[in-house]
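Peer 1: Note that the protein sequences, when read in sequence, are chains A and B. What the first sequence shows, in the working numbering, is residues 1 to 118, in sequence order. What the second sequence shows, in the working numbering, is residues 1 to 115, in sequence order.
Quick caveat, the hints were computed from the structure, so don't treat them as lab data. Among the hints, a few may not be true.
[What the hints assert, rightly or not] Here are the simulated lysine-lysine pairs, DSS-like style, with alpha carbons at most 27 angstroms apart:
id	chain 1	residue 1	chain 2	residue 2
1	B	K67	B	K37
2	A	K9	B	K68
3	B	K67	B	K107
4	B	K107	B	K26
5	B	K67	B	K26
6	B	K107	A	K9
7	A	K57	B	K107
8	A	K57	B	K26
[Unchecked claim] Not close to chain B: a few residues of chain A, all C-beta gaps over 12 angstroms, as computed:
id	residue
9	S31
10	A82
11	L107
Don't be surprised by glycine CBs; every beta carbon is placed ideally from N, CA and C.
One-letter residues, chain by chain:
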Amino acid sequence: NAGVTQTPKFQVLKTGQSMTLQCAQDMNHNSMYWYRQDPGMGLRLIYYSASEGTTDKGEVPNGYNVSRLNKREFSLRLESAAPSQTSVYFCASSWQGGVGGLRSGELFFGEGSRLTVL
Amino acid sequence: QQPVQSPQAVILREGEDAVINCSSSKALYSVHWYRQKHGEAPVFLMILLKGGEQKGHEKISASFNEKKQQSSLYLTASQLSYSGTYFCGTEVRGYSGGGADGLTFGKGTHLIIQP
Chain A
1 NAGVTQTPKF QVLKTGQSMT LQCAQDMNHN SMYWYRQDPG MGLRLIYYSA
51 SEGTTDKGEV PNGYNVSRLN KREFSLRLES AAPSQTSVYF CASSWQGGVG
101 GLRSGELFFG EGSRLTVL
Chain B
1 QQPVQSPQAV ILREGEDAVI NCSSSKALYS VHWYRQKHGE APVFLMILLK
51 GGEQKGHEKI SASFNEKKQQ SSLYLTASQL SYSGTYFCGT EVRGYSGGGA
101 DGLTFGKGTH LIIQP
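All chains, full assembly: derive it from the sequences and hints.
Peer 2: In structure tokens form, the structure reads like this:
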């Protein structure tokens, strides 16, 4: 089973360049997320999509845009990359609203995308 | 606002026990625990939903004190494979709509198990 697939795994950009990180999940999850991970900072939520057709800002949305293309795919775009966006980016998915009113199901993470902005 | 994890780092000998704490200033609906190995993605360990409820995963268990907005992860008789960084992720009480609004993670606790 593929689970959550992210591409690319590595990318080097110059300041001002744009790029899109792709994420796809094959678990029929309704919710998807983009996190960034920096040393000593843990995982910080950039954007999330509670269900197909909806997206919302997380803790650190500035400089990013997202698209929930369909139920499977959730992309993250950097319009004008800055050195402060150098980070490891993780896409995750989960099933929400299950048995017993469970709001947050287990998050399944992709392998991560390491982005360097020079 | 990120939950606060303590300690920041722990070094243990194989077979020793460890406790990792997670506290929030907000009323919590749930707490998740994840473990991340170096260079890998975080992996789910468990979810705790109710006050005082304790979940277990082999020799790893956790508790959630809803009144104090605190959770603790207990690792007993630690094994070399337990090494990694542990994160708690919190979900805030009060959300009344449908769907998810994401977890807020702590900065992590680095656990090193030595033979």
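Peer 1: For each hint, tell me whether it holds in the structure or not.
Peer 2: Taking the hints in turn, this is what the structure says about them:
| no. | hint | in the structure |
| --- | --- | --- |
| 1 | B:K67 to B:K37 | violated, 32 angstroms |
| 2 | A:K9 to B:K68 | violated, 40 angstroms |
| 3 | B:K67 to B:K107 | holds, 22 angstroms |
| 4 | B:K107 to B:K26 | holds, 17 angstroms |
| 5 | B:K67 to B:K26 | holds, 10 angstroms |
| 6 | B:K107 to A:K9 | holds, 23 angstroms |
| 7 | A:K57 to B:K107 | holds, 20 angstroms |
| 8 | A:K57 to B:K26 | holds, 19 angstroms |
| 9 | S31 | violated, 4 angstroms |
| 10 | A82 | holds, 22 angstroms |
| 11 | L107 | violated, 6 angstroms |
Taken one by one, the earlier hints fail for this structure at numbers 1, 2, 9, 11, listed in ascending order.
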